[in-house]
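> Listed here are the chains, written in short residue letters.
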Amino acid sequence: MTAATEYTLAELCIVAASQAFVDDGEVLATGIGVVPRLAASLAMKTSNTDLMMTDSEAWMLSEPNPLGQRSADFVPATESWMGFSRIFDNVWSGRRHAMLGPTQIDRFGQSNTSALGGTYEKPKTMMLGARGFPGNSISHPNSFFVPDHNTRVFMSGECDFVSSIGYNPARLPKGHRLDDVDIRLVITNLCVMDFGGPDHQIRLVSLHPGVTAEAVQENTAYPVHVPADVPVTTAPTLEQLAIIAALDPHNQRAHQIKDNPPGSRS
Amino acid sequence: MNKEMTAAQVVAQLEDGMTIGIGGWGPRRKPMALVREILRSDLRDLTIVAYGGADVGMLCAAGKVKKVVFAFVSLDFIPLEPYFRQARQSGSIEVMEIDEGMMLLGLRAASWGIPFIPTEVGLGTDVINQNPEIRVIDSPYDDKEWVAMPALKLDASLIHVDKADVRGVCQIAGPDFYMDDWFARAAARTYVSCDELVETKFFHDPAQARLVHWERSVTTGVVPIAGGAHPSSCTPLYGFDVPHFKVYAASAKDDAGFQGYCEKFLGASEEEYQKNVGGLDAIRAIELPTY
Numbered sequence: 139m140t141a142a143t144e145y146t147l148a149e150l151c152i153v154a155a156s157q158a159f160v161d162d163g164e165v166l167a168t169g170i171g172v173v174p175r176l177a178a179s180l181a182m183k184t185s186n187t188d189l190m191m192t193d194s195e196a197w198m199l200s201e202p203n204p205l206g207q208r209s210a211d212f213v214p215a216t217e218s219w220m221g222f223s224r225i226f227d228n229v230w231s232g233r234r235h236a237m238l239g240p241t242q243i244d245r246f247g248q249s250n251t252s253a254l255g256g257t258y259e260k261p262k263t264m265m266l267g268a269r270g271f272p273g274n275s276i277s278h279p280n281s282f283f284v285p286d287h288n289t290r291v292f293m294s295g296e297c298d299f300v301s302s303i304g305y306n307p308a309r310l311p312k313g314h315r316l317d318d319v320d321i322r323l324v325i326t327n328l329c330v331m332d333f334g335g336p337d338h339q340i341r342l343v344s345l346h347p348g349v350t351a352e353a354v355q356e357n358t359a360y361p362v363h364v365p366a367d368v369p370v371t372t373a374p375t376l377e378q379l380a381i382i383a384a385l386d387p388h389n390q391r392a393h394q395i396k397d398n399p400p401g402s403r404s
Numbered sequence: 006m007n008k009e010m011t012a013a014q015v016v017a018q019l020e021d022g023m024t025i026g027i028g029g030w031g032p033r034r035k036p037m038a039l040v041r042e043i044l045r046s047d048l049r050d051l052t053i054v055a056y057g058g059a060d061v062g063m064l065c066a067a068g069k070v071k072k073v074v075f076a077f078v079s080l081d082f083i084p085l086e087p088y089f090r091q092a093r094q095s096g097s098i099e100v101m102e103i104d105e106g107m108m109l110l111g112l113r114a115a116s117w118g119i120p121f122i123p124t125e126v127g128l129g130t131d132v133i134n135q136n137p138e139i140r141v142i143d144s145p146y147d148d149k150e151w152v153a154m155p156a157l158k159l160d161a162s163l164i165h166v167d168k169a170d171v172r173g174v175c176q177i178a179g180p181d182f183y184m185d186d187w188f189a190r191a192a193a194r195t196y197v198s199c200d201e202l203v204e205t206k207f208f209h210d211p212a213q214a215r216l217v218h219w220e221r222s223v224t225t226g227v228v229p230i231a232g233g234a235h236p237s238s239c240t241p242l243y244g245f246d247v248p249h250f251k252v253y254a255a256s257a258k259d260d261a262g263f264q265g266y267c268e269k270f271l272g273a274s275e276e277e278y279q280k281n282v283g284g285l286d287a288i289r290a291i292e293l294p295t296y
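Residue numbers (the numbering used here), protein chains in the order written: chain A, 139 to 404; chain B, 6 to 296.
Where hints are given, some of them may not hold.
Where chain A lies over chain B, by a calculated footprint (3+ residues, C-beta under 8 Å) [to be verified]:
1) 78-85
2) 91-100
3) 127-136
4) 147-157
5) 247-255
The hints are simulated quantities; they were obtained by calculation from the structure and are not laboratory data. The beta carbon of each residue, even a glycine, is placed where N, CA and C say it ideally should be.
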């Protein structure tokens, strides 16, 4: 395993995000969007070969599909049918880990995919809707990817619409414990975080090369718990970069973070 | 029993204020020809229940909708449905916003004739806070609270399938039938458009019968309309029409808006519509999507 010296920030994020799945065992890894999907695929190819994955349509795959248009003779490694209705049987069993990119993440780890501003009856900006976030968040572990870490995403106050449950004591359902909520990693263009600080406070896990803890705090509207010793996010290895390149032959990853910067900004 | 009918006959059986379920998912296998027939009608004040795409957007834009029950409304590659967005942002529609799985449970409860299905989905989120009609209840078996997802009873469902016979045996040969079986069962009346009408003996092959997802007694009417899902997809026959959806989405930013879109494409009949979008051969030639 040789550490790469040249890699993009997107590739660093993919490798960092793939860490979220390492200890999951045999669960369905669902990465929505290019970076989360490549992260789950990389994990399935390397650190956790027990992971399960779909083709994002209706089949389970023994091997992740490369992203984008594939050659006419490409044969996907299907292993079972997995239509959307069956997905919920899996979701509600808890044997899944999803990685998604909500528009807002508040200090409780609650997220918003639905609407911004105005009133609920007449929002200023309508987005996707709650989608599967309520069910995902109470049924199985979830991680987040944020390509542009700023105070609009990590905003003050509570999400305009709470699509997914977080560590908010005021919203804790009867008979549940905050520890039942399982938010794993939050990977951004600046750092990796989790909600492992005191009382489930958001916590810095690692800083991408050249990023300071101060910069993370400036771009987060609520206090980030900073442990005494915060490591630098581990650089991809040459082997990991080769696998990512094979999984993403059209280089869609180059368009996921603004201006596709290098991984090390020091 | 011969259940063959026309799209106009289907719409004639619908009434103002009805709750109507629409099958498919986002830009995939939507009964768009039936939706277009509603656009040409005087129907109004509808409550629409759907995993929404342009079906929901168009009905909202045409002023047909009182309320939408949804978890998302999206064209996938265009994430935000432009006319649903306008309807929400102008406050012109009521909504019941729920989780994708809650919708499945609501359809199942309606199908099974039970008032609700308990679930933990929705707890701690605004799908509960913003929907006071969805109750949270105590369990007789444990000390937790549970969401009592109410039955989503439908007056009618509209669904598009690949093949059907006149008795209402419907086949979906594409990789996913989504929640269409539950939409079919949850409705008092289920109207199905099909790309191809086949003889009953077509299903005598078990491999073909295996792709039938509800029994024919669930189907009220069968409407043969080749290409009837356009501009949504009907895998394996045709993909969704990316250029057409782009024109549709762009129209929301024009002064002419949806009226302009309709003047250009809708026509007085499905024949006119298909002529306006390049014909059935062009629809059937649309490449299948890659995910």
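> Now tell me if each hint is right for this structure.
Checked hints:
Using a Cβ-Cβ cut-off of 8 Å, 4 residues of the region 78-85 of chain B lie near chain A, which meets the minimum of three, so the contact claim holds. Residues of the region 91-100 of chain B with a Cβ under 8 Å from some Cβ of chain A number 4, which satisfies the need for three, so the listed coverage holds. Chain A is given as covering the region 127-136 of chain B, and this holds because 8 residues of the stretch bring a CB closer than 8 Å to a CB of that chain, at least three being needed. Counting residues of the region 147-157 of chain B whose beta-carbon sits less than 8 Å from any beta-carbon of chain A gives 4, enough to reach three: the coverage restraint holds.
Judged by the Cβ-Cβ criterion of 8 Å, the region 247-255 of chain B is not covered by chain A as claimed, because only 0 of its residues qualify and three are needed.
Consistency note: the structure conflicts with earlier hint 5 alone.
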